[in-house]
Amino acid sequence: MNVKPLQIFILLFLALTASTYFTTVITLERFVVVHWPLRARSICTVSTARITSVLVCVFSLLYAAPEYFAVYAEKLPTSGEMQQRYKVEPTAFGRSYQYQVVYLSFLFMTFSYMVPFITLIVLNLAIYFKVHFTKYHLFTKV
324 MNVKPLQIFI LLFLALTAST YFTTVITLER FVVVHWPLRA RSICTVSTAR
374 ITSVLVCVFS LLYAAPEYFA VYAEKLPTSG EMQQRYKVEP TAFGRSYQYQ
424 VVYLSFLFMT FSYMVPFITL IVLNLAIYFK VHFTKYHLFT KV
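First residue of the sequence shown: 324, per this note's numbering; consecutive thereafter.
By construction, these hints were calculated from the structure, which means they are not laboratory data.
Please note: incorrect hints may appear among the correct ones.
[Unchecked claim] Ranges of calculated distance between the beta carbons of each label pair, as one might list FRET restraints:
{"#": "1", "residue 1": "Phe-452", "residue 2": "Lys-410", "range": "49 to 55 Å"}
{"#": "2", "residue 1": "Val-381", "residue 2": "His-358", "range": "23 to 29 Å"}
{"#": "3", "residue 1": "Ser-402", "residue 2": "Gln-423", "range": "32 to 38 Å"}
{"#": "4", "residue 1": "Glu-412", "residue 2": "Thr-457", "range": "55 to 61 Å"}
{"#": "5", "residue 1": "Pro-360", "residue 2": "Val-425", "range": "38 to 44 Å"}
{"#": "6", "residue 1": "Pro-413", "residue 2": "Tyr-451", "range": "41 to 47 Å"}
Source: prediction; values computed, not measured.
Quick reminder that beta carbons are idealized off the backbone N, C-alpha and C, glycines included.
Start from the sequences, fold in the hints, and give me the full structure.
Below, the structure is given as structure tokens:
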């Protein structure tokens, strides 16, 4: 199997995005279970998990797609070495203003870091306070 470094890079970026959003989805599911325990059985179903998984995979694939067109890898000649060497350089699209500013600066920062991080903070704090206050009210009503 001849796998190029560019393909590995794209797969790593895809996996990074997918794992970030799967972690966020799991936290969202925990939030639903803690805040609405009676409705959680009807909200957190196998079909909901399948749909969510497909959506996360499709989003990750679409989000990683520009990376495929941003760089290219050129195989360098080797002198009897066992390992292959590649030279990776940006394409015209990879050097463009839209890619550099819009995708790498704004979209990458927003969707790879800000949205998942803020969502995780808010949901985990909400879970913590719900558990803390429920525990407090259970032990003080005696």
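We went through each hint and held it up to the structure:
At about 53 Å, the CB distance of Phe-452 to Lys-410 agrees with the hint of 49 to 55 Å. Checked against the given bound of 23 to 29 Å, the beta carbons of Val-381 and His-358, roughly 27 Å apart, stay inside it. At about 36 Å, the CB distance of Ser-402 to Gln-423 agrees with the hint of 32 to 38 Å. Between Glu-412 and Thr-457 the CB atoms are about 57 Å apart, so this pair conforms to the stated range of 55 to 61 Å.
Taking 38 to 44 Å as the suggested C-beta distance range, the pair Pro-360 and Val-425 conforms, at roughly 42 Å. For the pair Pro-413 and Tyr-451, the beta carbons lie near 44 Å from each other, so the given range of 41 to 47 Å is met.
The structure meets every hint from the earlier list without exception.
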